[in-house]
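Assemble the whole structure, with the sequences as input and the hints as a guide.
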Amino acid sequence: MPHPELLLLLLADARLPVGGHTQSGTLEGALTHGLTANDVPGYLRTRLLSSTRVEAGTAVVARATVERHGSLDQVERAWAARTVSPALREASRTQGHALMRLVRRTWPDLSRPLDDVVRPSRSTVLGAVSAGLGLGAASVARLVAYDDVQTVCAAALKLLPLDPVTVAGWAAEALNGIADLEAAVSWAELPTDIPACSAPQIEAWAQAHAASTRRLFRA
Amino acid sequence: MPDHAPHRPPAAPAAARAARPLRLGVCGPVGTGKSSLIALLCRELSGRLEIAVVTNDIYTDEDARFLRSAGVLAPERIRAVETGACPHTAIRDDISANLSTVEELEEDYPELDLVLLESGGDNLTATYSPALVDAQVFVLDVAGGGDVARKGGPGIERADLLVVNKTDLAPYVGVDVPAMLADATAARGERPVIGLSRTDRASVDRIVAWVEEVRRSQAAGVLVPSDPGPMARHVHAHEH
Ligand SMILES: Nc1nc2c(ncn2[C@@H]2O[C@H](COP(=O)(O)OP(=O)(O)O)[C@@H](O)[C@H]2O)c(=O)[nH]1
Ligand SMILES: [Mg+2]
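Each protein sequence line maps, in turn, to chains H and P.
Quick note: the first sequence uses this note's numbering, first residue 8, plus one each step.
Quick note: the second sequence uses this note's numbering, first residue 16, plus one each step.
Since the hints were made in silico from the structure, they are not lab data.
Hints may contain errors.
[What the hints assert, rightly or not] On the chain H side, residues computed to face chain P include the following (Cβ under 8 Å):
| id | residue |
| --- | --- |
| 1 | 25 |
| 2 | 89 |
| 3 | 101 |
| 4 | 104 |
| 5 | 112 |
| 6 | 165 |
| 7 | 222 |
| 8 | 224 |
[As the list claims (entries may be wrong)] Calculated from the model, a selection of chain H residues having no Cβ within reach of chain P, i.e. all distances over 12 Å:
| id | residue |
| --- | --- |
| 9 | 26 |
| 10 | 41 |
| 11 | 57 |
| 12 | 77 |
| 13 | 78 |
| 14 | 170 |
| 15 | 179 |
Note that the Cβ used here is the ideal one computed from N, Cα and C, for glycine as well.
Structure follows, in structure tokens:
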């Protein structure tokens with residue numbers, strides 16, 4: 008296996024063909040319902056304190072579960088129970104499917120623990136695969152958090168008239184919030200350890216977005 | 016003089032593809048008639064073939080709604096994919112959202128013969144990856160001007176079929192259709208060009224026959240998806 012740091016870069020790269028360009032991290036729905044450009048940095052912080060902790064916690068626990076040869080089904084169920092919005096569950100499963108396609112072809116052995124999970128979420132896939140790739144729990148947590156920040160920032164550039172350097176600055180600023188998230192989830196081992204801290208407003212926006220007829224992003 | 020790039024191998028062996036429906040991509044600039052062509056094919060073929068459609072609307076679900084309201088196909092067989100304002104990416108460098116949707120349709124309707132994909136309508140350089148579609152149609156229209164075919168581009172030159180649509184409008188936009196078709200044919204070597212108008216029955220028959228022919232070769236396992244490529248070639252590709 009290549010160095011884990013290189014694998015982490017590969018997984019974090021927006022050029023990975025897993026449909027990242029179809030996602031806005033619910034930013035599109037949030038902007039439609041009144042958030043402004045000035046609110047985006049706060050939106051990034053809020054996500055790192057709420058929904059992204061669920062995602063990162065799920066990935067960390069999926070990783071630990073594969074390490075101890077446990078069943079990923081319970082992890083997936085714990086994630087679904089903490090992800091109240093059907094639209095967000097669906098979006099994550101679609102992304103999980105794209106990631107599975109990549110994993111099956113690139114590292115066929117690593118997809119095996121996921122064989123029995125029906126339509127796993129993106130975080131479950133990411134966590135399960137990272138066990139086989141030799142990534143540590145903290146790395147996985149940082150990966151999920153980083154990806155969330157960049158998803159929102161990339162979508163902000165499509166949706167709002169902004170200088171890209173301003174947005175890169177928001178991303179850099181948001182990275183400060185990732186240390187807390189990492190501390191909050193990287194110790195987790197069991198499905199019950201996954202934080203249950205969704206953001207109801209984000210879920211409401213995600214639901215409204217899914218029912219709208221004019222959208223650039225899937226979710 | 017730089018030579019042209021070597022021929023790329025197909026994305027997957029053709030034999031592996033015969034077990035599932037033909038995936039046919041339709042691309043070309045916005046407004047040239049992609050949705051109308053898909054509606055037309057559904058209307059003409061749905062008596063004989065099981066069909067589903069994937070649209071890639073750029074901004075609205077207009078295409079999907081147009082097709083649903085055209086009543087040519089059951090609404091649940093028409094699915095829209097959002098491309099995050101990247102219609103080009105979604106058919107070429109990261110096809111995962113489209114491919115998932117196609118696979119979903121194929122799972123939901125195991126009897127499918129034909130899946131039609133409509134691109135969000137990017138510029139002249141947008142073409143499908145052969146990993147997503149088995150064959151592709153590039154659509155231009157006479158209203159875009161008689162010069163477009165001559166200007167070329169990967170889709171115009173090397174899509175499996177080039178359609179020059181709305182020939183009925185030619186007198187109103189001052190376009191000489193035979194000359195435009197001759198330019199297109201010259202740019203494409205042996206690849207087919209069809210001048211189309213929904214009001215010209217013979218042209219409709221020609222395009223339907225072309226689709227059926229492609230479907231037959233796909234079903235027989237002899238269709239090898241070919242890549243129009245992203246770039247202009249310096250030298251004409253060799254013909255077989
Ligand atoms: N006159 C004429 N108009 C056509 C023809 N085909 C399509 N159109 C019109 O061209 C416009 C754009 O068509 P549409 O299918 O939505 O294009 P798309 O953006 O490429 O999907 C619509 O107003 C159609 O009615 C044709 O054969 N003749
Ligand atoms: Mg259209």
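Tested hints:
Hint status for residue 25 of chain H relative to chain P: holds, with the closest Cβ pair at about 6 Å, below 8 Å. For residue 89 of chain H, the interface hint is violated, since its Cβ never comes within 8 Å of a Cβ in chain P; the closest pair sits about 24 Å apart. Here the hint on residue 101 of chain H is kept, as its CB sits about 6 Å from the closest CB of chain P, short of 8 Å. Below 8 Å, beta-carbon pairs count as interface contacts, and residue 104 of chain H has one with chain P at about 5 Å; its hint therefore holds.
For residue 112 of chain H, the interface hint is violated, since its Cβ never comes within 8 Å of a Cβ in chain P; the closest pair sits about 11 Å apart. With its C-beta approaching chain P no nearer than about 5 Å, residue 165 of chain H sits inside the 8 Å limit, and its interface hint holds. Look at residue 222 of chain H: its Cβ gets to within about 6 Å of chain P, closer than 8 Å, so that hint holds up. Evaluation of the residue 224 of chain H hint against chain P yields a held restraint, the C-beta minimum of about 5 Å falling below 8 Å.
Taking the minimum C-beta to C-beta distance to chain P, about 4 Å, the non-interface status of residue 26 of chain H is violated against the 12 Å cut. Non-interface call for residue 41 of chain H relative to chain P: holds, since the shortest CB-CB distance, roughly 20 Å, exceeds 12 Å. With a least beta-carbon separation of about 23 Å from chain P, residue 57 of chain H lies farther than 12 Å from that chain, consistent with its non-interface assignment. At the 12 Å boundary, the C-beta of residue 77 of chain H stays outside the reach of chain P, the nearest C-beta of that chain being 28 Å off.
With a minimum CB-CB distance of about 25 Å to chain P, residue 78 of chain H clears the 12 Å threshold, and the non-interface call stands. Against the 12 Å criterion, residue 170 of chain H stays outside the reach of chain P, whose nearest CB is about 18 Å from its own CB. Even its closest Cβ contact with chain P, about 23 Å, leaves residue 179 of chain H beyond 12 Å, as expected for a residue assigned away from the interface.
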